[in-house]
Amino acid sequence: MEVEKFYYDNGIVKKFALATLIFGLVGMLVGLTVALEFVFPKMTYGVDFLSFGRLRPLHTNAIIFAFVGNGIFTGVYYSLQRLLKARMYSDLLSSIHFWGWQLIIVAAAITLPMGFTSSKEYAELEWPIDIAITLIWVVFGINMFGTLLKRRTRHIYVAIWFYIATWVTVAMLHIVNNLEMPVTLFKSYSLYAGVQDALVQWWYGHNAVAFFLTTPYLGLMYYFIPKVSNRPVFSYRLSIIHFWALIFIYIWAGPHHLLYTALPDWAQSIGVVFSIMLIAPSWGGMLNGLLTLRGAWDKVRENPVLKFLVVAVTAYGMSTFEGPMMSLKNVNAISHYTDWTIAHVHIGGLGWNGFLTFGMLYWLFPKMWKTDLFSIKLANFHFWIGTLGILFWTLPMYWTGFTQSLMWKEFTPDGFLMYPNFLETVKQLAPMYALRSFGGLLYLTGFIVMLYNLFHTMKAGSFVAEEAAEAAPLEKNFLKPKNETFHRLLERKPIQMLIWSFVAVAIGGAIEIVPTFLIDSNVPTISSVKPYTPLELEGRDLYIREGCNNCHSQMVRPFRSETERYGEYSKAGEFVYDHPFLWGSKRTGPDLHRIGKGNKNSKSNIWHFNHMFDPQVVSEGSIMPPYPWMIEDQLDVSALRAKISAMRKLGVPYVEGYEEIALEELQYQAQEIADDIAANGVEVNADREIIALIAYLQRLGTDINNAEEVPVK
Amino acid sequence: MLKFIKGYVSSIDGIEIYPIISFIIFFTFFIAVLYYILAAKKNYIDELSNLPFDDGITIQTSDSTNHSDQ
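Listed in order, the protein sequences are those of chains A and B. Heads up: the first sequence at position 296 corresponds to 296 in our numbering, and the numbers run straight through without jumps. Heads up: the second sequence at position 23 corresponds to 23 in our numbering, and the numbers run straight through without jumps.
Accuracy of the hints is not assured; some may be wrong.
To be verified - Calculated cross-link-like contacts (lysine-lysine; reagent style BS3-like; alpha-carbon spacing at most 30 Å): (1) LYS603(A) x LYS427(A); (2) LYS150(A) x LYS41(B); (3) LYS150(A) x LYS42(B); (4) LYS42(B) x LYS227(A).
By construction, these hints were calculated from the structure, which means they are not laboratory data.
Model the full assembly from the supplied sequences, consistent with the hints where possible.
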C-alpha cells in the first residue's frame with residue numbers, strides 16, 4: 001500500500017506548552033499570596049479583590065484549569081497525533097480551542113477577584129463563562145474525534161481511552177453541576193438547593209479531581225513514561241483493567257466529601273465503599289507506571305525527566321492511598337474541615353500534576369526545538385528544590401491538620417471542651433502556616449528555574465512547527481478478524497468507545513444522584529424553615545461574593561465536640577431554600593451555622609460590625625482579613641426584584657407580587673439593625689453592605705429553634 | 001437526626017434496590033473485562049503496547065512550513 005506523507009502540528013503543542021508555563025507561574029504566585037495571607041492577615045488591607053476569599057478560587061481555578069488544563073492539552077495534542085499517525089483534524093479548531101481556552105482563563109482571572117462567583121468549589125465561574133467553557137470543550141471534542149476518525153492506525157492506544165473518558169465525563173459533570181438560573185449578567189442561583197446541591201457539587205468536585213487532574217494525566221503517563229524510558233508499558237493488560245475499573249469506580253465516590261453531614265446515610269456509605277475500592281485500580285496504575293522502568297532505574301539516576309516522572313507517579317500512589325483512607329468515616333471525622341485535606345490535595349497537585357507536567361515539558365522542548373536541554377544541572381536543581389518544596393509545603397499542613405482536629409475534639413475530665421475558643425487553635429498554627437509559605441516559595445523558585453532553562457533551550461534550538469511523518473492509510477475494506485471480542489472491537493471504534501465510557505460514568509452518576517432528585521426538596525421540610533428576607537438574601541449574596549465559605553463551614557456535624565462548640569447539629573431540612581448550599585469544606589475559622597440570633601454562638605450586631613471592621617481588635621490572634629469596604633460601600637439593591645423572582649422560579653415560596661414590597665421590607669429591617677448598632681455607640685448608614693451581611697449572619701441556623709419535626713409524606 | 005434521615009430515605013420507593021443494581025452492573029462488567037484481558041493473545045497485547053513507538057517520523061528535520069495533512 002502506498003505510504004502517505006503528512007505533518008504533525010507542533011505549533012499548537014508549543015502554544016499550549018507556553019500557556020502552561022505562563023499560567024503555572026500566575027497560579028503559583030497567587031497560591032503563594034494566599035498562603036502569605038495566613039501569615040499576614042492584613043497584608044492586602046482594604047483591597048477587596050485581593051482578599052483571601054476572592055483569591056482562593058482564583059488560585060484553585062488557575063492551577064486546575066489554566067496550568068493543568070493547558071498541560072493536558074499540550075500532552076494530548078502532542079501524543080494524540082503521533083499515536084494515531086495523523087495531523088489534528090482541523091488547524092482552525094485547534095486554534096479556536098487554544099484561544100478560546102485562554103480567553104476563558106482571562107475572564108476567570110478578572111471576574112473571580114471581582115467577586116463574581118457561584119460559590120461552588122472549582123465551579124465558581126459564573127454562567128456566561130460556563131457556557132463558553134461548554135462551547136470550547138465541544139470544539140476540543142470535535143477536533144479530537146475528527147482526528148480519531150481519520151487516523152492511520154487500526155487500534156487505539158490506552159492513553160487515548162483516558163483522553164476520551166476525560167472528554168465525555170468532564171462535559172457531563174460541567175453541565176450538570178452548573179445548571180443555574182441567571183439573575184443578571186454575572187449573577188446566578190444554582191438550580192438545586194441544600195442537600196441536593198451539595199450532592200451534585202461534590203459529585204462534580206470529586207470527579208473534577210478524577211477526570212481533570214487524574215485520567216488525562218494517566219493518559220499522559222501511559223504515553224510519556226514509555227517514550228522517555230524507551231520501553232513499552234509494564235503490562236498493557238493491567239492498563240486496560242486500570243482504565244475500566246478507574247472510570248467505573250471513581251464516578252461514585254463523591255459523597256465521601258459529605259460524611260457526617262446532613263446527606264442521607266446510604267449515599268455516604270456508597271461513597272465510602274467505592275472510595276476504598278478505588279485503591280485497587282489506582283495502585284494498579286501506579287505500579288504499572290513504576291514497573292515500566294524495571295531494569296532502567298540506572299537511567300532514572302541520570303535523567304531528570306525520569307526523576308520528575310517517578311516522583312509524580314509515586315505522589316499519585318500516595319494520594320490515591322491517602323484519599324480512600326480519608327474517606328473512611330472514622331478517619332474523616334478527624335480529617336474533614338482541617339488542613340489535612342489541603343495537604344492531601346497538594347501531594348496530588350504539586351507532586352502528581354506538577355511534576356508530571358515538568359517532566360513532560362523538559363522532554364518536549366528539546367524534542368520540538370531539535371536541540372538538547374540547555375542545562376541538565378538546572379533541571380536537577382529544579383527537581384530537588386521542587387521535592388523539598390513539596391515536603392516543606394505538606395508536612396506543616398499535616399501537622400496543622402492533626403493539631404486542629406485534636407484541639408477541636410479535646411475534652412477536660414469534667415466534660416467541657418478543653419479549648420472552647422476557636423482562636424486557641426488558630427494561634428497554635430501560625431508557625432506552620434509560615435513554613436508552608438516557605439515550601440511554596442521553594443517550589444515556585446524551582447518553577448522559575450525551569451522557565452529560565454526552557455527559555456534558553458528554545459533559544460538554542462530551532463522550532464519544528466511541522467514535523468514530517470509517513471504512514472500507510474487504513475484499508476477501507478478492513479476484514480474483521482474471526483472471533484473478534486466485543487472489547488477488541490471497541491479498541492478499533494472510537495465512537496463506540498465514547499458511548500461506552502459515557503454509559504459507564506452515567507450509570508454511576510445517575511444511581512448516585514437520581515434518588516435525591518426524586519425527593520421533592522420541600523418534603524422533608526421543617527415547618528418553621530422560611531425563605532430569607534430580602535435583606536438576608538442580599539447579605540447571603542455578599543457572603544458568596546466575599547467567598548466566606550472558603551474558610552467557614554455551615555454544617556455542624558453530629559459529634560459531641562461540635563454540638564458543644566457550635567450548638568445543635570445541622571439538619572437536611574434547614575437548607576431547602578439554600579440556592580446554592582454554603583456548607584463549605586474547610587474550617588480556617590469556626591463553623592457559622594449556629595451563629596444566628598438566639599443560637600449557642602450568637603453575637604450582637606455591634607460585635608459583627610466591629611469584627612468585620614477589624615477582626616484582630618475583637619479577636620486577638622485572628623487571621624481573618626478585615627472588610628472595611630463593606631462598611632463604606634452602599635448595598636446594590638438594583639437586582640433585588642430579579643433575585644426574588646428567580647428564587648420563586650426555583651421553588652422558594654415567596655408570594656406573588658412580593659417583589660413590589662421587598663425593597664421596603666429590606667429598608668425597614670436594615671434600619672432596625674443600624675439603629676441597634678447606633679444604640680451601641682457606632683453611627684452607620686442603614687444602606688451599607690455590612691448591614692445586609694449582619695442580617696444574614698443573624699439569621700443563620702435560627703429557623704430550627706421553634707421547630708417541630710413534621711412527618712414525611 | 002437519624003429519625004429524620006430514615007424518613008428521608010424511606011420516602012423513595014424501592015431504595016434498597018439501588019446498591020444491588022449498582023453492584024451487579026459493576027461486577028458483571030468487571031468480570032467481562034477480566035475475561036477478555038486474560039484471554040487476549042500475547043502478540044496482540046505486544047502490538048498494542050508498542051503503539052507509542054511507531055509514530056511514522058522518518059525525517060528528523062523540518063524541510064518546510066505550512067504543510068497541511070495529505
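Against the structure, the hints come out as follows:
no.	hint	verdict
1	LYS603(A) x LYS427(A)	22 Å, holds
2	LYS150(A) x LYS41(B)	27 Å, holds
3	LYS150(A) x LYS42(B)	28 Å, holds
4	LYS42(B) x LYS227(A)	21 Å, holds
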